[in-house]
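Novice: Residues per chain, in single letters:
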Amino acid sequence: EAAVTQSPRNKVAVTGGKVTLSCNQTNNHNNMYWYRQDTGHGLRLIHYSYGAGSTEKGDIPDGYKASRPSQENFSLILELATPSQTSVYFCASGAWGANTGQLYFGEGSKLTVL
Amino acid sequence: QQQVRQSPQSLTVWEGETAILNCSYEDSTFDYFPWYHQFPGESPALLIAIRPVSNKKEDGRFTIFFNKREKKFSLHIADSQPGDSATYFCAARRGGSNAKLTFGKGTKLSVKS
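First to last, the protein sequences are chains A and B.
All residue numbers in the first sequence are consecutive under the numbering used here, ending with 1289.
All residue numbers in the second sequence are consecutive under the numbering used here, ending with 1193.
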């Protein structure tokens, strides 16, 4: 069974603090993604990666950095957290073919910035 | 700007009815159109998907209808069951093997018995 695990699952941070959300996948997928989910906005792509050492900006990258040190691990970094970054964050891994492919999501990380 | 538009935001149907969820897109380079569902407290998961070379894809009670000319696609859930109550997201893929997936805002479906 494909597996994407996130940590921490719940995090309370203070405004201006640094937050790191971690993601590990055992699917051996090249592609990994970070989304945030907010009511009324659906799933919005923050950063993604094609493989170890690469990171790409998604649709809403401002205020976030990403790091892909290995095939298995992909981190999302909030250097200076703000209350507007309170959200549920999902990591996913994915493999694509011409006619197929899907994202496998982790369990989600609920972040509250006070 | 919203690249994938989804409607309605919420939908309530009676058990046994057909639920219809709609999406539209703007970018002609999108090449793969999946639907994901998400049950409360869980992660999104792939439900069904279609490529624009087809205009219909069926999987049991779930059918995607695709109109390439109008850049619209829809999910029909036949004989809706209370267990189908969830949030449904349409999505569109661009980029081939190094793809990124853009999601709609979601439709919250409630099936009443």
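Treat the hints as calculated values from the structure; they're not laboratory data.
Treat the hints with care, as some may be off.
[As the list claims (entries may be wrong)] Distance condition first, Cα-Cα at most 27 Å in a straight line; then the derived DSS-like pairs of lysine-lysine: (1) B:K1137 with B:K1180; (2) B:K1192 with B:K1180; (3) B:K1137 with A:K1240; (4) B:K1151 with B:K1192; (5) B:K1188 with A:K1285; (6) B:K1137 with A:K1232; (7) A:K1193 with A:K1285; (8) B:K1137 with A:K1285.
Novice: Give a verdict on every hint.
Specialist: Checked hints:
1. Restraint check for K1137 of chain B and K1180 of chain B: satisfied, since their Cα atoms lie roughly 22 Å apart, inside the 27 Å limit.
2. Pair hint K1192 of chain B plus K1180 of chain B does not hold up; C-alpha atoms about 35 Å apart against a cutoff of 27 Å.
3. Proximity of K1137 of chain B to K1240 of chain A is assessed by CA-CA distance (about 38 Å); at most 27 Å being required, the pair is judged violated.
4. Between K1151 of chain B and K1192 of chain B, the direct Cα distance comes to roughly 31 Å. Violation of the 27 Å bound is thereby established for this hinted pair.
5. Of the supplied pair hints, the one linking K1188 of chain B and K1285 of chain A holds, its CA atoms being roughly 20 Å apart against a limit of 27 Å.
6. With a CA separation close to 32 Å, the supplied pair K1137 of chain B and K1232 of chain A exceeds the 27 Å bound.
7. Taken as a hint, the K1193 of chain A and K1285 of chain A pair is honoured in the structure, with Cα atoms around 15 Å apart against an allowance of 27 Å.
8. Between K1137 of chain B and K1285 of chain A the alpha-carbon distance is near 35 Å, which puts this suggested pair outside the 27 Å criterion.
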